[in-house]
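J.: All chains, please: the whole structure from these sequences, using the hints.
2 protein chains.
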Amino acid sequence: MIVLLTNDDGINADGIQALKAAFLGVPGAEVYVVAPDRERSASGHSITIHHPLQVEEVDAGEAGGRSFAINGTPADCVKLGVKALLPETPQVIVSGINRGPNLGTDVFYSGTVSAAVEGIILGIPSIAVSLTAFENLDYSFAARFAVYLTGEILARGLPENTLLNVNVPPLGEEEIAGVTVTRLGKRPYENIFERRFDPRGKLYFWLAGENLTLDDGPDTDVGAIKDNLVSVTPVHLDLTNHEVVSLLSQWGLTTRPGTGPTKGAP
Amino acid sequence: MIVLLTNDDGINADGIQALKAAFLGVPGAEVYVVAPDRERSASGHSITIHHPLQVEEVDAGEAGGRSFAINGTPADCVKLGVKALLPETPQVIVSGINRGPNLGTDVFYSGTVSAAVEGIILGIPSIAVSLTAFENLDYSFAARFAVYLTGEILARGLPENTLLNVNVPPLGEEEIAGVTVTRLGKRPYENIFERRFDPRGKLYFWLAGENLTLDDGPDTDVGAIKDNLVSVTPVHLDLTNHEVVSLLSQWGLTTRPGTGPTKGAP
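Chains as they are written, first to last, in our numbering: chain V, 1 to 266; chain G, 1 to 266.
In case anyone wonders, no lab produced these hints; they're calculated from the structure.
Warning: the hint list may mix true and false statements.
For identical chains, the list gives no copy identity; a pair is met inside one copy or between any two copies.
What the hints assert, rightly or not - BS3-like cross-link-like pairs, simulated, lysine-lysine; straight-line CA separation at most 25 angstroms:
(1) K186 / K226
(2) K186 / K202
(3) K202 / K226
(4) K83 / K202
T.: Given below as structure tokens:
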């Protein structure tokens, strides 16, 4: 088995190192790390097209595997890893373990999840794994769970165009209440911008605020974490709202409306 | 009506200027432009949390409205515009007009579309508009169509959690065959990385390649453009694959599989 590991916290983050150690413990696993050379969180699904990507092979240590640091985003790392660095296509891509949750609305902004999205676009089964805390982090259980889930995926297969987004509570294995399959909850960002002045008196803004919990029902990932459960959410790549296609078709849109192109304009 | 315009080609791009001129022609419209200070295409849904956002109000010209240039991404511009710069919440957000198509798989990478996604997350009806060519561009019809479609949206309402992604063929109004409501096609990037050497002999990579057309059926946006039609695609924000939730639930995932956490591992 060839596995590609990446993240958005950067190649030196503890989360990806724990993941690497866990996969190196799997007999027969060839482990490649292709990750950003620095933190790229909140990078969403951005890719680098306006400047070149540089690759630095870093010492993978005694444990083995190969590790490459890239001056790009998580999506860049997956593209470059699969298409230019790995000797053959990996069987699975694991992104993480993220420092902090990727629950509900977070998924839109998450570099960790976007790496898995890129894997799915390339046709490779992919998962994103996050530990839902920012301090006193122990990644060891989450790393073992990622290895276990990867085994299940390779044995059973994943539906097309679907990644698994996994969030793990920051608890020891004995304290975790179990695993549950969830839908994404809703916890958009509050979007408070702090107004500050720079040393030359010029106004600037800095994004502050916290996540607002708008949907944490027991069938959501947000609710699962509250209940000390590991959440596994299938995230699909079909962005078309198929129901709305027929609704909109009844609008009778035209390039030449009766009273000219601004008919009905506000 | 208060309208917020943004894009990913930067505030000085011809596409957003054409859009602004068209909306300024709508009686009673208050037009705000909040856009990146430079090109931010392929920025996906990235947001800026690690450095501050600076705002430069630029001369909006005699035509009126107000324009702000931001050192951030399209999603940043929408957040900051709505939450800190505009006097009240806009009725509609229009992102574009993008130089080049945003069809099918492009949607994942598009800063233009991500601005509309951010608008929907904030609960504001939002559309993304792109002209499907890179040269000899005349944005005037696309701008008029954006004004017309905005009027329809304000009159009829949009379903929750759904934006409209509009692509316009690079033709004069008389040559355009009509308007059609579509689903997203598939045209992933070919992902060829050119291997080059810098002046000091060090290897680097630069993303090249073209879009591969994998699904351009007549009901897709890709197919519509081939037929000289304006495509209007409803794009939703529900990323949960609800069908797969029940499928995965049958896997019986556990934190304590019989043979230890690596049971079933490859």
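J.: Check K186 against K226 for me: Cα-Cα at most 25 angstroms, and say if that holds within a copy, between copies, both or neither.
T.: Only inside one copy: K186 and K226 sit 14 angstroms apart there, 38 angstroms across copies, limit 25 angstroms.
J.: How would you classify K186 and K202 at a CA-CA limit of 25 angstroms: within, between, both, or neither?
T.: neither (36 angstroms within a copy, 46 angstroms between copies)
J.: From the Cα coordinates, with 25 angstroms as the cut-off, is the pair K83 and K202 best called within, between, both, or neither?
T.: between (45 angstroms within a copy, 19 angstroms between copies)
J.: Between copies, within a copy, both or neither: which fits K202 and K226 at Cα up to 25 angstroms?
T.: Classified as neither: same-chain Cα gap 42 angstroms, cross-chain 49 angstroms, threshold 25 angstroms.
The structure does not agree with the numbered hints 2 and 3 stated previously, though it agrees with the rest.
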